[in-house]
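Protein chains: 2
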Amino acid sequence: IINKIAEKAKEAKKLGIDDPRRIIHSFKVGLAITLVSLFYYFKPLYEGFGVSAMWAVLTVVVVFEFSVGATLGKGLNRVCATLLGGLLGVGAHWLACYSGKNGEPVVIAVFVFIVAATVTFVRFFPKMKARYDYGLMVFILTFCLVSVSGYREDEVIRMAHERVVTIAIGSCTSLLVCILICPVWIGEDLHNHVADNLEKLGKFLEGFGGEYFKISNDGQSNTDKSFLQGYKSALNTKNSEENMANLARWEPGHGRLKFRHPWKLYLKAGTLTRDCAYKIEALSSHLNSDYPTPWPEEIQSKIQESYTMISSETGKALKELASAIKTMARSSSVNTHIANSKAAAETLKSLFKISVLEEDTDLLEIVPAATVASLLMDVVTCTEKIAACVNDLASQANFNSPNNNNNMIPGNSRLLHRGSVQPISGTEGPHHVITIGE
Amino acid sequence: IINKIAEKAKEAKKLGIDDPRRIIHSFKVGLAITLVSLFYYFKPLYEGFGVSAMWAVLTVVVVFEFSVGATLGKGLNRVCATLLGGLLGVGAHWLACYSGKNGEPVVIAVFVFIVAATVTFVRFFPKMKARYDYGLMVFILTFCLVSVSGYREDEVIRMAHERVVTIAIGSCTSLLVCILICPVWIGEDLHNHVADNLEKLGKFLEGFGGEYFKISNDGQSNTDKSFLQGYKSALNTKNSEENMANLARWEPGHGRLKFRHPWKLYLKAGTLTRDCAYKIEALSSHLNSDYPTPWPEEIQSKIQESYTMISSETGKALKELASAIKTMARSSSVNTHIANSKAAAETLKSLFKISVLEEDTDLLEIVPAATVASLLMDVVTCTEKIAACVNDLASQANFNSPNNNNNMIPGNSRLLHRGSVQPISGTEGPHHVITIGE
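One line per chain: the protein sequences are P and V, in this order.
Quick note on UniProt numbering: the first sequence kicks off at 1 and runs consecutively.
Quick note on UniProt numbering: the second sequence kicks off at 1 and runs consecutively.
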């Protein structure tokens, strides 16, 4: 048992070190709940609401989420849905009153059934589910509470009013604590997440040539092979990216990420990154097979050179793009790297065109080499597409031009710093930030 | 505006037709809420609980989910967490009473802060998040409600007791309605989802040969190309499968899916299916390029034959495996298909080994063909792995042996039927169920 506790403590420590914002978040939740329960302790405040003050505590527990976007989304959903549900509930109670003491419960039951069934069905609409799912649930809840209570309590309007006010108080407390104390912006997370994934692909490609031909460029790089696994985290990111983009839309502008920031382009960049990661997944399966050498020596070295050139130049281009997103400054050297990789791809094509194989060469021997060549060319195409997408992003989000990147505004470096606080995977090395315009 | 309403109505109709269980679910929610609000109308029931009866309505709205697994998970989480939170809340109130009227709010505030912050941090543990996230939230909620109310109300124990009982009533109502009226078992969904994805990959591979060599086997198959896109839905399934497996663990045994069914093997099969889908994604990018023919006529036709053989045999094997999962009966012909595809792969290797190219052949011309060959061989390996995994599943879940598949128990065909009610993507053709043991 002691072992198990020690293990859990270790896990907790790791969770805290991986992302210290988790510890801060826990304290923020404690603070917000303690603050809102003050309503119960101060007599004048308590007398205004009575037991209904409990709804404020309940709201804080339910609404307070890790990021500002999620808290704002839930809070707004909850307040608006309570308002609407309360109004309709009062209306339903008023209509039911006309049907006499015996008819009232029947009419209300019919209303409740219709509203609950309809709104539950509306929750299946993909667009509603993505943004208003919680609101629709709270709407059913408030409508049922208000209209059903109306049967026993006469002060339905007072009850609806108290519920709306206490829920608004709870939501506001959550929001204030969430935004004022070390806010976690999910938009910034998405921003860094997309850049990090690009950087991971870039690191893989930069190291691929050396790894494929078993060249150790220097002693130290040989020991750390984590860059070969990093791309895997980019394979299954679709759902989490879509979720982040949905939440980011709720966030107000902050730093350089404005309200109505083009989040859709991040999703597009994410999709292209995944396409590229699939190619890299295929490339990585060739890493541990022996490299075949059916070609004569001099052709062999040229082919080797082109492979290395393509992978390192596309890798550099992707890392440049990642750092361009992170610093929100256009990079001037991306196009050069892409042009280099395209030139190397052309060279490779011309090398394959010359019939230089010796007679009776085992054709199957060149299959792996040919596959790698074709995958590398696909990677060049992917990189071009990603570059075009980042370019769109740069113009829509007003990235700095490469000329005036020395007058970076303070918001920039803050953004960069925050990004490095939260590595998506725990195995990342130190950030290798490339100076823009190098 | 009228156009927009018509559009929404169309969308709603499509949602209902795609999966009629959605409509049934909406009615079930309406029914459960109406049932539980009866507590308010019948005087004897109302007098037992008073306004607390509202918690039962609230619980139904919050706990009632689409599938039995999700409802059970939330309901059990809610009841257990309320019980524990209520007990601890009463304990905290009792301790705080010793510190006098002035010290009481301070002591309670400290307790609330500590509990809220600690439990919020525990929610970050991945294992806790997957299964007990909702329970942890309800625990904070109940603890705060009970301990804070204790300051103004003296009957804390009565309040905690009422809360536990009403929440248990709400959860039981939800569960009964959820299970007794057309239950939706998420385990069955996962079961069919994994089989459907395998079938989609199988359909692609079966059709790949003909499509690649632009052969139209018969007139009708040429018009419907949807089988070429089906595999795409298998690429991004990791999160949804993990979620389904988590929920399925809550479900009691039903039909042939027992409690403690080996859900982990479904996740493993899903991972292998995705790996295979990545290869197919790479294959599909070769579909629209021209097929190069640098080989002499007779070799060409042999190569073409091997390609078609590999893809159609792996395709048949995958479809067999899919139908074996769906009907829960071992298939006897899977091994034959895999053996055929391996033999064809060997033939292909031997064809590539003979140096049959004419002098000055453009080597680049064979690159696409070589890539496709290598991908097809990868697919053979993937298929073998998937077959091994399904075999594990067959022994752990006691699939029928191929001999006695004619005495299929009724549960079987019911399972098959339910599966076809809910196509994961809307574009699926009619199910092509292969008779086991053919």
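Hint data in this document are derived by calculation from the structure and do not stem from the laboratory.
Watch out, some of these pointers could steer you wrong.
Treat identical chains as interchangeable: a pair holds within one or across any two.
Unchecked claim - With a Cα cut of at most 25 angstroms, we get these calculated SDA-like pairs of lysine to any residue: (1) Lys232 / Ile23; (2) Lys10 / Arg152; (3) Lys13 / Tyr132; (4) Lys264 / Gly253; (5) Lys10 / Tyr132; (6) Lys129 / Asn243; (7) Lys10 / Ile114; (8) Lys8 / Lys129; (9) Lys101 / Gly48; (10) Lys349 / Leu87; (11) Lys232 / His286; (12) Lys14 / Ser99; (13) Lys302 / Lys349; (14) Lys14 / Val122; (15) Lys238 / Pro126; (16) Lys13 / Asn400; (17) Lys129 / Glu242; (18) Lys268 / His286; (19) Lys10 / Ser226.
Which of the numbered hints are not met once you compare them with the structure shown? Those not satisfied are hints 1, 2, 10, 12 and 16.
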